[in-house]
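Note that the sequence shown covers residues 0 to 311 in numbering that gives the first Met the number 0.
Some clues are possibly wrong.
[Stated by the list, open to error] Here are the computed distance ranges between Cβ atoms for each label pair:
| # | residue 1 | residue 2 | range |
| --- | --- | --- | --- |
| 1 | 279 | 87 | 32 to 42 Å |
| 2 | 161 | 270 | 17 to 27 Å |
| 3 | 308 | 129 | 37 to 47 Å |
| 4 | 283 | 150 | 32 to 42 Å |
| 5 | 197 | 150 | 25 to 35 Å |
| 6 | 265 | 219 | 29 to 39 Å |
| 7 | 98 | 183 | 17 to 27 Å |
| 8 | 77 | 199 | 43 to 53 Å |
| 9 | 247 | 177 | 20 to 30 Å |
| 10 | 164 | 270 | 10 to 20 Å |
| 11 | 309 | 191 | 20 to 30 Å |
| 12 | 150 | 189 | 25 to 35 Å |
| 13 | 280 | 170 | 35 to 45 Å |
| 14 | 180 | 305 | 38 to 48 Å |
No lab work stands behind these hints: they were computed from the structure. Predicted, not measured: the structure shown is a model, and the values here were computed from it. Even for Gly, the Cβ is constructed at its ideal location relative to N, Cα and C.
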Amino acid sequence: MAKSATRKRSSAPAAAPEGINPKAACPCGSGRRYKHCHGSGYAPPVTRPFEGLPGEADWVAMRELVPAATAKLKTTDGRDVTLASVLPGGTPALVRANGEIVLGVQMQASSDDVSRDIGTALAAALEAPAGAPVDPGPIGAAGSAGPRLQEQLDLSAPFDVVVHDDFAFWLDGTDPSAAALAGLEHANEAILPTVRLQGLDAAYWVRPGNERAHLRWVRREPEEKLLDALARLAASEQILLGEGTRYAGAFRALGLVVPVWDLPADTPAEDWIAPAREFQARLEQALTVTEPLTSDERRSRAGLISRQITLR
Numbered sequence: 000m001a002k003s004a005t006r007k008r009s010s011a012p013a014a015a016p017e018g019i020n021p022k023a024a025c026p027c028g029s030g031r032r033y034k035h036c037h038g039s040g041y042a043p044p045v046t047r048p049f050e051g052l053p054g055e056a057d058w059v060a061m062r063e064l065v066p067a068a069t070a071k072l073k074t075t076d077g078r079d080v081t082l083a084s085v086l087p088g089g090t091p092a093l094v095r096a097n098g099e100i101v102l103g104v105q106m107q108a109s110s111d112d113v114s115r116d117i118g119t120a121l122a123a124a125l126e127a128p129a130g131a132p133v134d135p136g137p138i139g140a141a142g143s144a145g146p147r148l149q150e151q152l153d154l155s156a157p158f159d160v161v162v163h164d165d166f167a168f169w170l171d172g173t174d175p176s177a178a179a180l181a182g183l184e185h186a187n188e189a190i191l192p193t194v195r196l197q198g199l200d201a202a203y204w205v206r207p208g209n210e211r212a213h214l215r216w217v218r219r220e221p222e223e224k225l226l227d228a229l230a231r232l233a234a235s236e237q238i239l240l241g242e243g244t245r246y247a248g249a250f251r252a253l254g255l256v257v258p259v260w261d262l263p264a265d266t267p268a269e270d271w272i273a274p275a276r277e278f279q280a281r282l283e284q285a286l287t288v289t290e291p292l293t294s295d296e297r298r299s300r301a302g303l304i305s306r307q308i309t310l311r
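Could you put the whole structure together from the sequences, leaning on the hints where they help?
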């Protein structure tokens, strides 16, 4: 997805505080070097835009990892909204003829606060008449910022993700034209088989081909603490999910870390629920350890970091 370079210069580049290497990772956790983040003279991005929303990890997954999924939302004034991973053409939002609002979490343009970008689209949809196009303006552009999602949504409502095999939900309640059906078929061809593992927070199985599958698990723990725990498990050979699996590395996405495992492609997604739960128990135990890392664990940690990339 395209990113809009909209951060505003606030002042001259700030001198690094004592003890901070300007070339080291910024302490805010953005994944940028300090000199390109809080020390750059630009307003820094919102590191965790979905923080405070129910299901923060699943919001990140729907934004960055899951091709076709929906979830139900409720606004502070009781309006029902359907959140979709993506809408046709990356449309920010639409209002169906029956008044149903559908909001897209994957948009083509955004600023450094994804919550405000999506919130801007939601605010426009709430004001749009039924069946009319939603025009939120140039999302992410200077002067176009609307309210954040945290200001508009009922934070007590549950956030339950439903993963779909295709984008048929795009056409719910419509009488699609031949062109719309053709566009749907084309979009469906790009979908990778994806399953959300039941009973696990934001753990998604995906099969990109016939040779391997992957488990992508969005974690809510603070990055440094999580890396220490993963390093302890790696050093003790407890980081794998079973025979034929491999720890592939991790993404850093919207302030959260997403560990990824390679899995045998011919094993059904549901068969990984039990191994993942067993790993969860090992990880929870490792997270309680407060002793400094051993030399083996430090080497394991360095190896984990070398296989970690930042999506945004």
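Here's how the hints hold up against the structure:
1. 279 - 87: 32 to 42 Å: 37 Å, holds
2. 161 - 270: 17 to 27 Å: 21 Å, holds
3. 308 - 129: 37 to 47 Å: Given about 43 Å between the Cβ atoms, the range holds.
4. 283 - 150: 32 to 42 Å: Taking Cβ atoms as reference, residue 283 and residue 150 lie about 33 Å apart, which means the hint holds.
5. 197 - 150: 25 to 35 Å: 32 Å Cβ-Cβ, so the 25 to 35 Å window holds.
6. 265 - 219: 29 to 39 Å: Since the Cβ atoms of residue 265 and residue 219 sit about 31 Å apart, the hinted range of 29 to 39 Å holds.
7. 98 - 183: 17 to 27 Å: 23 Å, holds
8. 77 - 199: 43 to 53 Å: Hint violated: Cβ distance 31 Å, outside 43 to 53 Å.
9. 247 - 177: 20 to 30 Å: 42 Å Cβ-Cβ, so the 20 to 30 Å window is violated.
10. 164 - 270: 10 to 20 Å: 19 Å, holds
11. 309 - 191: 20 to 30 Å: 21 Å, holds
12. 150 - 189: 25 to 35 Å: Because 34 Å falls inside the window, the suggested range holds.
13. 280 - 170: 35 to 45 Å: 43 Å, holds
14. 180 - 305: 38 to 48 Å: 46 Å, holds
Taken one by one, the earlier hints fail for this structure at numbers 8, 9, listed in ascending order.
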